[in-house]
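Undergrad: Here are the chains, one letter per residue:
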Amino acid sequence: MSQENSQRLWMFKTMVVSREFELAIKAAYLEGKQPVFNMAKGPIPGEMHLSNGQEPCAVGVCAHLRPTDAVTSTHRPHHVAIAKGVDIGRMAAEIFGRQEGLSGGRGGHMHLFDAAVNFCCSGIIAQGMGPAVGAAMAARLAGRDDVAVSFIGEGAANQGAFHEALNLAAVWKAPVVFVIEDNAWGISVAKRASTAVSDNSARAASYGIPGVHIPGNDPDLIWEEAGKAIDRARKGGGPTLVEIETVRLEGHFMGDAEGYRPAEEMAGLAQRDAILIYRARLEKEGVAQDVLDDLEHQARQEVTAAIAFARAGKAPTAAQALEKVFA
Amino acid sequence: MTAKKRKITIAKAMAEAIAHEMRADPGVLVMGEDIAALGGVFGNTRGLLDEFGSERVRDTPISETAFIGAAVGMAAAGMKPVVELMFVDFFGVCMDAIYNLAAKQSYFSGGNVTCPMVLMTSVGGGYGDAGQHSQTLFATFGHLPGLKVVIPSNAYDAKGMMIAAIRDPNPVVFMFHKALQGMGWLGTVQSSVVDVPDEAFEIELGKAAVVRAGRDITIAGLGHTVHLAMDAARELAKAGVEAEVIDLRSVAPIDRATILASVSRTRAFLSVDDDYMSYGVGAELVATVAEAVALKARPQRISYPDIPVPFAPEMEHAVLPSADKIIAAVQSILGEK
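Just so you know, the sequences run in chain order A and B. Each residue of the first sequence is one higher than the one before, counting from 1 in our numbering. Each residue of the second sequence is one higher than the one before, counting from 1001 in our numbering.
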């Protein structure tokens, strides 16, 4: 499989959009929460799970998807949403709880739904896996070659829903790809302390489907392997389980002091920033610095516009809380 | 010797209670997600790993069906597992182990197999955590025969109720409200931080407490809404209305006797809770009162409307119970008599 340069530049830019988005959200989230951190305060209350570091998983997979392909994501959804093409202005407005948000401020950052690009996410672990099987089957039964991708964390591989969904997808040969973003931590619990196998991709064998382990948090490698799995699904070859080793650069949520994380791991995080590594690789392979600088500039402008759109949004009314409970 | 007085949070009181019971009974074990090194996301197992070690204080995989099922098995074998599932909203994945297994173990065995386990879980919103992290679900659990369901409104009750829950031969769902828990990052209603004795003591499960005496109306709440009711009662007193405030403390069993004793005197009733209204705590209380007492005015209930918890503060705060809503309801009830 040859990878077009434009595809790689899209991946680079999209990772930068995601990172800039998270940094802007992080700054806004901390407004009103300093010096005393109170989750209820500021323009963005509640929990905030940032995806910094995990961008390669999102872009390497979503580069192969169309708007009609379905994606389900997790409590840490922003990078995947951005890579899937969710409108970042309306997404930001949702995170700020504005009327202009994707759900009018009802859902917040863990509950982003964008039907235009078939994206949704949930705050419950492994909950998106069943719906992904369903979306995949709906496409097949309608005679379309669309696929579904369910993103989960490595902790979700110990949920019952994980095993049931894998089996169901395998039995039905559903055009679905399960993508595990393995950041090695389930909040404070290390993967090795919670998971009986070192690589969850090995669990695919239990259900007679291919399992792929992707080391290195490398966008190109993810792009290549995810491409094979998605292509197989699209052509009727059934589901694949993909596990990607990635990095959680932030705490589980904003405010997490991460006392449980070894000091040497914390100290080494900056060197594992996939965006910096990827930029260096592109430069080394001959992409002009100006081109990359320009993409970064565009990314920042898009994020600035999205955040400005969100901040200019209208506050929901109390009466709107009572709407949309039923269709 | 008099015990030294000290104010502690509900989180600390829960951890102290568990530690007391772990020292006294080697069959007490704690497990759940992030409860060991982290000490629980809500602080209620802090210090236990250091004192009791990883055999008795176990971080679990995110496998609730398995570890809550395992807790039922441990309980049947004579242990006393104290299990945490971080948010009450998360119980969907493992409800079978709770309502078809733990809750029915005694009944199915003709009382020969008990299920002495405690399920700790956080409830409540108000801080912008949206619809999968802010529910209370009192009635969902209270509706299921075989489960005891309790919620303290302050640290003293938390300690006494946790010790009673661990010693209880039945499965006890021990809810704690995030607005009261004492975690700095959540903000804490200060009236939940109270004097708590160092030593072990029990508060009988299933007993409500009259936390303020009054002649004009009975207001019943639980968890966070007890504090709202107290705030409202203080305001009402300035206008000469004396509200009696009852802290339910237990959803199941529900202490009808304490409620009825109060309402028999006041003959006016308001319930306040932050669970969904329909088929809820308020419905149960109002029915209890209406069946037994000839009231001087129609009773009312303040609850959460029948909607998922919205994220945006402008919506969430508008639909939560408040002292102002309680005052308005009391004035409406008493104006009608």
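FYI, nobody ran anything at the bench for these hints, they're computed from the structure. Cβ coordinates follow ideal geometry from the N, Cα and C atoms, glycine included. There may be inaccurate statements among the hints.
[Claimed, not checked] Label-pair distances were calculated between CB atoms; the ranges are: (1) A/A263 with B/S1054: 17 to 25 Å; (2) A/A280 with B/K1325: 31 to 39 Å; (3) A/S198 with B/Q1190: 57 to 65 Å; (4) B/G1092 with A/A319: 27 to 35 Å.
Undergrad: Now, for every hint given, state plainly whether the structure supports it.
TA: Tested hints:
1. A/A263 with B/S1054: 17 to 25 Å: Holds, since A/A263 and B/S1054 (Cβ atoms, about 21 Å apart) stay within the stated range.
2. A/A280 with B/K1325: 31 to 39 Å: Cβ of A/A280 to Cβ of B/K1325: about 59 Å, so the range 31 to 39 Å is violated.
3. A/S198 with B/Q1190: 57 to 65 Å: 48 Å, violated
4. B/G1092 with A/A319: 27 to 35 Å: The hinted range 27 to 35 Å holds for B/G1092 and A/A319, with Cβ atoms some 29 Å apart.
Hint compliance for this structure: hints 2, 3 are not met, and every other hint is.
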